[in-house]
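**Student:** Dock chains B and C with the ligands against chain A, hints included.
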Amino acid sequence: MAKKLVTLRIDEHTLQVPEGMLVVDAARKVNVDIPVFCYHPKMDPVGMCRMCLVDVGRPVIDRATGEVVKEADGSPKIAFGPKLDTACTTPVSEGMVVITNSDKVRAARKEVVEFILTSHPLDCPVCDKGGECPLQNLTMAYGPGTSRFIFDEKMHLAKHVPLGELVWLDRERCIQCGRCVRFQHEVVDDPVIDFFHRGRSLEIITDSEPGFDSVFSGNTTDICPVGALTTADFRFGARPWEMVSAASLCSHCPVGCNITYNVRREAKTGGNMVIKRAMPRQNEGVNEIWMCDKGRLGYHFTESKQRLSEPLVRKGGELVPAGWDEALDLVAQKLREAGSSLTVLAGGRLSNEDLFNLRRLADAAGGQAVLDTHMGGGDLAALAVERGAALIVVNPNETRLDKFATHTLRYNPGELLLTFGGFLESAAGKVFAEAENALVFYGSNGLGLQQSTYLAYAAAELLVKTGHYGKANNGLIPVWPKANSQGAWDMGFRPASNLGDQLRQSKAVYIAASDPAGDDPALAAALDEAKFVIVQDLFLSETAKHADVVLPAAAYTEREGSFTSGDRRVQRYYPAATPRGLARPDFIITAQLAGRLGVELPAAAALVLDQIAAQVPAYAGLSYQKLAEVHEQWPIIGRSDVYYGGTGYENKHGLGVQLPCAAERGEKIDLPAAANPVLPSVPAGSLLVIPVARLYDQGATLRPTALLDGRIARAELALNPETAEKFGLQAGGEALIAAGGWRVQVAVRVDSHLPVGLGLVPRSTGVPVFGPTAVTIEPVQVEIKA
Amino acid sequence: MNQLLQKYPQEIQTILAKYPADRKRSAVMPLLHLAQQEPGYITKQALQEIGEILEMPITDIDSIVGFYTLYHEQPGGRYHVQVCTDLPCALRGADEFLKQLCENIGIKVGETTPDGMVTIEEVKCLAGCHHAPMFQVQGDGDISYHEDQTVESAVELIAKLRDRKEAA
Amino acid sequence: MSTYRILRHRDIPNIASLDVYRAEGGFEAFHKAVAGMQPSDVLNEVKASGLRGRGGAGFPAGLKWSFIPNNLWPHYVVANADESEPGTFKDREIMESNPFQFLEGLMLASYAVQAHDAYIYLRGEFWQIAKSLDGKIAELEAAGLLGDKIYGTEYSLRLHTHLGAGAYICGEETALLESIEGNRGQPRLRPPFPAVYGLFGKPTVINNVETLANVPGIIANGTAWFREQGTEKSPGVKVFSLSGCVNKPGNYELPLGTTFRELIFNYGGGLPEGRSIKAIMPAGASSSLITADDRALDTPMDYESVAALGSALGSASVIVLDDSVNVAWMVSKTVEFFKHESCGKCTPCREGTYWMSHIADRIVKGDSRKEDIDLLNYVARQMQGKCLCALGEFSTMAVVTGIEQFREDFEKLQRS
Ligand SMILES: Cc1cc2nc3c(=O)[nH]c(=O)nc-3n(C[C@H](O)[C@H](O)[C@H](O)COP(=O)(O)O)c2cc1C
Ligand code: SF4
Ligand code: FES
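Which chain is which? The protein sequence lines are A, B and C, in order.
Note that this note's numbering gives residue 333 to position 333 of the first sequence, counting from 1, and the numbers run on in steps of one.
Note that this note's numbering gives residue 857 to position 71 of the second sequence, counting from 1, and the numbers run on in steps of one.
Note that this note's numbering gives residue 1270 to position 316 of the third sequence, counting from 1, and the numbers run on in steps of one.
Incorrect hints may have been included.
[Said to hold, decoys possible] Pairs of lysine to any residue residues, derived as SDA-like cross-links and limited to a Cα-Cα distance of at most 25 Å, are as follows:
| id | chain 1 | residue 1 | chain 2 | residue 2 |
| --- | --- | --- | --- | --- |
| 1 | C | Lys1085 | C | Ser971 |
| 2 | A | Lys4 | A | Ile99 |
| 3 | B | Lys804 | C | Phe1154 |
| 4 | A | Lys154 | C | Lys1156 |
| 5 | A | Lys70 | A | His13 |
| 6 | B | Lys830 | A | Arg171 |
| 7 | B | Lys793 | C | Gln1082 |
| 8 | A | Lys83 | C | Arg1112 |
| 9 | A | Lys154 | C | Arg1335 |
| 10 | A | Lys726 | A | Gln781 |
| 11 | B | Lys804 | C | Arg1112 |
| 12 | A | Lys110 | C | Arg1335 |
| 13 | A | Lys104 | C | Val1354 |
| 14 | B | Lys810 | C | Gly1339 |
| 15 | A | Lys4 | C | Phe1154 |
| 16 | C | Lys1324 | A | Arg148 |
| 17 | A | Lys403 | C | Glu1132 |
| 18 | B | Lys946 | B | Glu933 |
| 19 | C | Lys1103 | B | Gln799 |
| 20 | A | Lys83 | C | Ala1011 |
| 21 | B | Lys804 | C | Glu1108 |
| 22 | A | Lys403 | B | Glu933 |
| 23 | C | Lys1366 | C | Asp1247 |
| 24 | C | Lys1156 | B | Thr800 |
| 25 | B | Lys830 | C | Glu1132 |
| 26 | B | Lys946 | C | Gln1082 |
| 27 | B | Lys810 | C | Ile966 |
| 28 | C | Lys1319 | A | Ile99 |
| 29 | C | Lys1156 | A | Gly20 |
| 30 | B | Lys804 | C | Ala1096 |
| 31 | A | Lys42 | C | Asn1137 |
| 32 | A | Lys77 | C | Gly1339 |
| 33 | C | Lys1156 | A | His185 |
| 34 | A | Lys42 | C | Arg1144 |
| 35 | C | Lys1366 | A | Arg148 |
| 36 | A | Lys42 | C | Glu1132 |
| 37 | C | Lys986 | C | Tyr1151 |
| 38 | B | Lys804 | C | Gln1368 |
| 39 | C | Lys1319 | B | Thr800 |
Because the hints were derived from the structure by calculation, they are not lab data.
For reference, chain A alone in the conformation it holds in the complex (with noise of 0.2 Å):
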């Protein structure tokens, strides 16, 4: 239902909003800045810096006869309070009047300033905030031109705490707005910092471990309005004034967050342009002004050292340097040679501009396209969330998630489609039928490609039962691995249903940006059986070790491209940082090597947009125009900094394009019927084990970030103390484990609230687990040391 509007006026404008909104966005809509330091339109508002005091008048309302009582020249009278008001807690009404701009007003701006400057350090110089810093904004906007505070009688606080191992505090400077605490109790749920002591005496604490123990917390950092907190990263690492900023993607993870790379010229590099910070960038449809510390610090392996920077050709078994044009001639002459007996194997990485010229290589070869993914079922794939929803969540073990969940449903692995055949019948089942939208999003947790595939199979099935597909804010988004799956997906990438053997079968075997050997030992025999090897990747992976040639691809930070998120939408980014050496775009080799074969592929990435937009029906209608396209976004960030505070850069370039459905487009999709994926037998002695996802991988994008080392998951077991004690396992010692044919050891962990007998192996972490299997445990005995 549209709100009431109400119309009132701010100093010389008159202005109509919606009934309830504060004065202070009211104001921002007719560009009246009214400074705030606590206020965020992203939260609550406290009411707590003072910054914010305006004169707020009303119509004087006869009580008598309900009607406004008028002036002289007939308009309507108008009271003030005796006192200002907080602009950034006061909801217009009908009829007010609002100041900004009066010498009262001004005199309080100025007085609130020199308030938080008694006790703020006078460190700008030395700064990270300083050059855009709120606080060093406002203070030459309104403050005193002299402190009558003794520089003396100032507090003296610590200057350097660590606030865990990402977020670094300086509690001299923190003006106790409390931003930061908020963000983690409202935005995140996750009050992980918080306020400790009071009056001058407050400070920000954490009492978590590890330290400030949020994926969010580098957020906080952002909208600090002083360097209070700083990211470990970016503490001392440039000027804001140094650096010039490039529209990009993280490419983490399918939710597809906009974000800002700043970049600056560095001397150590040769004068390269090289990334110092990632920040977020104002999507409202994607991510908010928000970004996940992964994704925030995880861009190290632009810069890593041990990037490939030129084509490698093995000779005399060793891999030695080569021209371009000698690798690709060798390269095109085997893919002509292998025929229909190429393999394209492709990671969820690449740029749909990668994978669709390299699925036109694959298809002029007569090769066939296989995507490297653990989790099936990307046809079914639909359209976007809303906020304020139920939220039931299915799975085998406890996640952060359940907290937020209405309904929270556990079951056996292997027993999940028993699970969704009584789900309409439970409570939470009952809720999903009847809501009006409703949005089933899956995952692999725990399961294997088959099972996941099934899974996306029944769960499609479910939506059409309760008559939820077809229309928007219904359907359902596979929470996919990579950033672009989902794009692998549309340009026609398949996983493959036994990659060993087809990998052992190929002639050559063309691998981009994926490490099947790294992944899995078996993969790994499998590709020495294959005839020949070439891989395209930023690092000597293990794969890219049993290669014949290696080809040295451009990270997406050094070029052009887009990615389809797991909601699809069609996004692009921009170049931030220089080439590595020699390095070039994936879609710039392959449409190399094709035209080597005879066949053009566009070498510009606009172009190979424009022909996806002309071949896939999905995408019909893209262009790099397109997907630059913005519109005016609320609330109003990054433009004179007022509520933001100079760190977020305003979303100049682009808020992507969201797909249409399916069934929008008038597709159909036949849906196989879903059966019970066959989990393997359970020997007595063995052990289930399922591969589970944990956020900080051991991808070779992220590992090149030092500052993540304590997070990242190691190759572990965890389960029931029930469970640990039956095999024998103790918290904190080693175990091994092994299953057909491999055997590796692994820590252990025990954690109450797992499900009895069964255990969790994180992916990416060396442990060939890609779904459930049963595995025998032998306890390591650990040597104690006299």
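**Tutor:** What follows is chains B and C with the ligands alone, placed relative to chain A:
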């Protein structure tokens, strides 16, 4: 193992019963009082155990400890002798009383006697202004008022407190 | 029969025992209300009595109860037993010595707004009082006066004590609610007011202990009886906490409208030999100072008359300053108090109390600069009208009025 729950099952039940079932965190202050009874301050373990009982993150609880002055963040004396020197008491000689008391005991405000028994603190108005000089003694899970004091009577009381060896 | 209405223990021994309290007519009002009156009748009776809140603001209690909306449930009643204003010690005496009268008042208030749970928020130092009240509540439950189906009616009520832990700000009603909810005791934004969004987000009445202790008498004896004492606009008796430079400090129950002179000289025994009265702080550390001239001494202590003197009656905690007291020193004490108690939520109070205490300290230590008196005054005024709650405002009162009336005391301490 939650020692708090083990030690005070009855008390904790009584406390939780005071508040609506979906407003468990209301019990955080009484539970902190309970947890402080024996050690005399809030231990890290107490934070954790209260966190478990009330399903609150420990930072959240610690933040409450920091706000209120009767919760001690650090171990101090077994007894906190808290002398009011606020305006009404000061008008009746509380400042001088505190000074002399400290001299007699041989420690400064904020310090603890060498035997670890008594910490002398200066506090704000205790609602005993008409009986100044006065102080309260916090310790052993109790707070008692001592009003119309002289330095002699206070010294004597402190001596008695320091003699209490076994737990009350 | 007692000549007292609130401090009845002073002439009825053992009124803190339930039997004695009942023998003296205790709980007859509660019985009369629950068994025979509509909740709205109780409310209207209190409204008609003109009883004003004894916690500081003097807001009419019945009017406050009438703001509770009947479309939002449940309702709560909270007794404010935080009593932390320097110079205030009356609620403590009531709860220690005449507890059932207070509890009966709380129960009547609860019945009037149909609350089924009521909380008593005690400052953390009132540990033993809380224990004793817990015992009294248990006795009432055992006697069937609390619990389900009281007097065989459908009405049920439970009382709960909640101990604070050392924070003056928790006397401020919204900070108090936060504290019961298990949060840091920082005031909430208002509106919404507690009458609509109070404890646990539900409509809530908050009254001072003494306010509530007046209610049984009103219900038992009627409005006319209540109005026999006091003035037209400030009816009833008040417990005045008298402290500072007087011979007999203590609580005095007197009709509202009694003059300062009577309280200080007739009841309080005057000042010690050789001392003369210099100034009065009628509302504890939050007071605007009153220079104790004849006009002031003859002012009746009711809400209107004290306001007309440029001060406020507040909780009627009268602190007397004699001619030996340097007002600058007094100011340094009050400012120190507010600095210590500022919750830190809003800038002017957090920074202003800190800054003022630095300046006041300098002045008292004889270290000040010439401009410091004006600066102190300016900082106080700079805080006024900008704070989130009244604490910040309170902290400026003694400063501004002290400098205005006794500037020479400040100057005396400055090095020439
Ligand atoms: C800083 C501050 C401290 C207060 N302290 C108390 C107190 O200790 N006791 C009290 O009854 N009211 C106190 N009040 C007043 C309460 O907010 C509230 O007005 C009162 O409890 C209402 O009860 P009444 O209407 O019965 O007076 C305080 C107010 C402020 C702003
Ligand atoms: S650290 Fe920054 S965001 Fe947090 S309270 Fe201090 S000034 Fe505000
Ligand atoms: S009080 Fe309004 S912005 Fe801080």
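**Student:** Give a verdict on every hint.
**Tutor:** Evaluation of the provided hints:
1. With a C-alpha separation of about 15 Å, the suggested pair Lys1085/C and Ser971/C falls inside the 25 Å cut-off, and the hint holds.
2. At most 25 Å may separate the alpha-carbon atoms for a hinted pair to count; Lys4/A and Ile99/A meet this at roughly 23 Å.
3. As the CA atoms of Lys804/B and Phe1154/C are separated by approximately 13 Å, the hinted pair is consistent with the 25 Å bound.
4. Between Lys154/A and Lys1156/C the alpha-carbon distance is near 42 Å, which puts this suggested pair outside the 25 Å criterion.
5. Note on Lys70/A and His13/A: the hinted pairing holds, with a Cα-Cα distance of about 21 Å set against a maximum of 25 Å.
6. The suggested pairing of Lys830/B with Arg171/A holds, with an alpha-carbon distance near 23 Å, which does not exceed 25 Å.
7. This hinted pair checks out: Lys793/B and Gln1082/C have alpha carbons roughly 22 Å apart, not beyond 25 Å.
8. For the given pair, Lys83/A sits about 41 Å from Arg1112/C by alpha-carbon distance, which is inconsistent with the 25 Å threshold.
9. Restraint check for Lys154/A and Arg1335/C: satisfied, since their Cα atoms lie roughly 21 Å apart, inside the 25 Å limit.
10. Between the alpha carbons of Lys726/A and Gln781/A the distance comes to roughly 16 Å, so the proposed pair stays at or under 25 Å and holds.
11. With a C-alpha separation of about 9 Å, the suggested pair Lys804/B and Arg1112/C falls inside the 25 Å cut-off, and the hint holds.
12. In summary, the hint linking Lys110/A to Arg1335/C is supported, as the alpha carbons are separated by about 14 Å, within the 25 Å threshold.
13. A C-alpha spacing of about 20 Å is found between Lys104/A and Val1354/C, which places the hinted pair at or below 25 Å, so the restraint holds.
14. A C-alpha spacing of about 37 Å is found between Lys810/B and Gly1339/C, which places the hinted pair above 25 Å, so the restraint is violated.
15. With a C-alpha separation of about 30 Å, the suggested pair Lys4/A and Phe1154/C falls outside the 25 Å cut-off, and the hint is violated.
16. The straight-line distance between the Cα atoms of Lys1324/C and Arg148/A is roughly 13 Å, inside the 25 Å bound, and the hint therefore holds.
17. A hinted pair counts as satisfied when its Cα atoms are at most 25 Å apart, and Lys403/A with Glu1132/C qualifies at roughly 23 Å.
18. Between the alpha carbons of Lys946/B and Glu933/B the distance comes to roughly 16 Å, so the proposed pair stays at or under 25 Å and holds.
19. With a C-alpha separation of about 24 Å, the suggested pair Lys1103/C and Gln799/B falls inside the 25 Å cut-off, and the hint holds.
20. In summary, the hint linking Lys83/A to Ala1011/C is supported, as the alpha carbons are separated by about 18 Å, within the 25 Å threshold.
21. The suggested pairing of Lys804/B with Glu1108/C holds, with an alpha-carbon distance near 21 Å, which does not exceed 25 Å.
22. Between Lys403/A and Glu933/B, the direct Cα distance comes to roughly 51 Å. Violation of the 25 Å bound is thereby established for this hinted pair.
23. The hinted pair formed by Lys1366/C and Asp1247/C meets the criterion: a straight-line CA distance of about 22 Å does not exceed 25 Å.
24. As the CA atoms of Lys1156/C and Thr800/B are separated by approximately 23 Å, the hinted pair is consistent with the 25 Å bound.
25. Of the supplied pair hints, the one linking Lys830/B and Glu1132/C holds, its CA atoms being roughly 24 Å apart against a limit of 25 Å.
26. For the hint pairing Lys946/B with Gln1082/C, the CA-to-CA distance comes to about 20 Å; that is within 25 Å, so the pair holds.
27. With a C-alpha separation of about 41 Å, the suggested pairing of Lys810/B with Ile966/C is violated against the 25 Å cut-off.
28. A distance of roughly 44 Å separates the Cα atoms of Lys1319/C and Ile99/A; the hinted pair therefore is violated under the 25 Å criterion.
29. For the given pair, Lys1156/C sits about 21 Å from Gly20/A by alpha-carbon distance, which is consistent with the 25 Å threshold.
30. The suggested pairing of Lys804/B with Ala1096/C holds, with an alpha-carbon distance near 17 Å, which does not exceed 25 Å.
31. About 22 Å separates the Cα atoms of Lys42/A and Asn1137/C, which keeps this hinted pair within 25 Å; it holds.
32. A threshold of 25 Å between alpha carbons decides the hint, and for Lys77/A with Gly1339/C the separation of about 23 Å falls inside it, so the pair holds.
33. Of the pairs offered as hints, the one joining Lys1156/C and His185/A holds, with about 22 Å between alpha carbons and a cut-off of 25 Å not exceeded.
34. A threshold of 25 Å between alpha carbons decides the hint, and for Lys42/A with Arg1144/C the separation of about 20 Å falls inside it, so the pair holds.
35. As the CA atoms of Lys1366/C and Arg148/A are separated by approximately 23 Å, the hinted pair is consistent with the 25 Å bound.
36. Only pairs whose Cα atoms come within 25 Å are accepted, and Lys42/A paired with Glu1132/C is accepted, the gap being roughly 23 Å.
37. The hinted pair formed by Lys986/C and Tyr1151/C fails the criterion: a straight-line CA distance of about 30 Å is larger than 25 Å.
38. Of the pairs offered as hints, the one joining Lys804/B and Gln1368/C is violated, with about 55 Å between alpha carbons and a cut-off of 25 Å exceeded.
39. Between Lys1319/C and Thr800/B the CA atoms are separated by roughly 51 Å; this puts the pair beyond 25 Å, and the hint is violated.
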